[in-house]
Structure formats: structure tokens, C-alpha cells
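**Student:** Taken in order, the sequence shown gives residues 1 to 157; the numbers are from UniProt numbering.
Don't read these hints as lab results, they were simulated from the structure.
Every value quoted in this text rests on a predicted model; they were computed, and no experiment measured them.
The beta-carbon is built from N, C-alpha and C at its ideal position, and this holds for glycine as well.
A portion of the hints provided could be inaccurate.
[To be verified] Subject to a maximum C-alpha distance of 25 Å in a straight line, what follows is the list of computed DSS-like cross-link-like pairs (lysine-lysine):
hint, residue 1, residue 2
1, K30, K49
2, K61, K49
3, K104, K157
4, K103, K157
5, K61, K30
[What the hints assert, rightly or not] Okay, the calculated beta carbon distance ranges per label pair:
hint, residue 1, residue 2, range
6, Q154, V34, 44 to 50 Å
7, A17, A136, 25 to 31 Å
8, N33, R92, 17 to 23 Å
9, L118, P43, 41 to 47 Å
10, A32, K61, 18 to 24 Å
11, E146, T50, 27 to 33 Å
12, P43, P106, 31 to 37 Å
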Amino acid sequence: MLRPRAEAMARRRVGCAFTAEDIMQDTWIKLANVRRDDTISNPAGFAIKTAMNAVVGHFRKQRRRTEIDAEVNDLLWQSVDELSPERIALGRDVLRVVDAALKKMPERSRRIFLMNRLGGVSHREIARRLGISEEAVYYHIRRVVERLGELRDQLEK
Numbered sequence: 001m002l003r004p005r006a007e008a009m010a011r012r013r014v015g016c017a018f019t020a021e022d023i024m025q026d027t028w029i030k031l032a033n034v035r036r037d038d039t040i041s042n043p044a045g046f047a048i049k050t051a052m053n054a055v056v057g058h059f060r061k062q063r064r065r066t067e068i069d070a071e072v073n074d075l076l077w078q079s080v081d082e083l084s085p086e087r088i089a090l091g092r093d094v095l096r097v098v099d100a101a102l103k104k105m106p107e108r109s110r111r112i113f114l115m116n117r118l119g120g121v122s123h124r125e126i127a128r129r130l131g132i133s134e135e136a137v138y139y140h141i142r143r144v145v146e147r148l149g150e151l152r153d154q155l156e157k
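Produce the entire structure from the sequences given, and follow the hints as far as they go.
**Tutor:** Right, here's the structure in full:
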């Protein structure tokens, strides 16, 4: 009886049945890991609150991913308005610099970044494939994006 109620709440909040199912799966995993010696006076309320927190966490992650996507998009597609021979040569030079910077990044961070940005693999799928948390995936991508942002700033000087 509790599960359908919690799932309906998550579906209403996120607007997608599949996303709500993922959120609820995460919620049940969190609930299964609650220490047995913890005294919870209202287990149903605790479960609903845990689900609500998972929904909030979903929106937080979604916002961070949107920010990262925008940053990467800006880095990769900045001012592509005119393709003169000079601009193409400069672009190739920048590409070589970016490639060299990526090669200097830790292997795991570089791999995760490329899986996500070039391969289109979701954070969740990367986490599953590599056996790490989605937060760790975010951290690795963020590390590369920050380094590329620093590199962009240096190139613009």
C-alpha cells in the first residue's frame, strides 16, 4: 500500500513514470540500508520523506547535468559563425591543445567524460558499467570540464 502511494507521488513530481521508477528503486535501496537499530517512530512517514528527498535529489542532479551540458556546449561550439581558413587553422590548434589536455587528465576522468560527452552514455549507465556512484561520475566529468574551462580562459588571453 505504501509503495503505490510513494510511486504516485514521485510520478506527479517528476512527470515521467520511468524516472519515477528509477527514483523509487533508489529510495527502496536507501531504505533497505537503514540501520536496524535506528528507532523510527513513523516508518511510513519516513519512507515517504525518503522518497521526497530522492525526488529533490533527482532535480538537483538534473540541474547540475544541465549546467555541465551548457558549459561543455559553450566550450565545444563557441562562436562557430564564420569558417575562414585562418579560423579553421586556429580551430585545429585549439583541438590539439584540448586533446593534449585530455591526455594529461587522469585516465578514469577522461574515459568517463568521453563516454558521456562523445558517446552519449548517461551518468547512470556509466556508473553501472564502472561500478561507481552517479556522484562519482559527476565528479569526474566536472573535473574535466573545469580543466577545459581553465584552458579556454588561458587560450583567450
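**Student:** Each hint should be assessed against the structure and marked as holding or not.
**Tutor:** How the hints compare with the structure:
no., hint, verdict
1, K30 - K49, "holds, 12 Å"
2, K61 - K49, "holds, 18 Å"
3, K104 - K157, "holds, 22 Å"
4, K103 - K157, "holds, 23 Å"
5, K61 - K30, "holds, 17 Å"
6, Q154 - V34: 44 to 50 Å, "holds, 48 Å"
7, A17 - A136: 25 to 31 Å, "holds, 27 Å"
8, N33 - R92: 17 to 23 Å, "violated, 51 Å"
9, L118 - P43: 41 to 47 Å, "holds, 45 Å"
10, A32 - K61: 18 to 24 Å, "holds, 21 Å"
11, E146 - T50: 27 to 33 Å, "holds, 32 Å"
12, P43 - P106: 31 to 37 Å, "violated, 43 Å"
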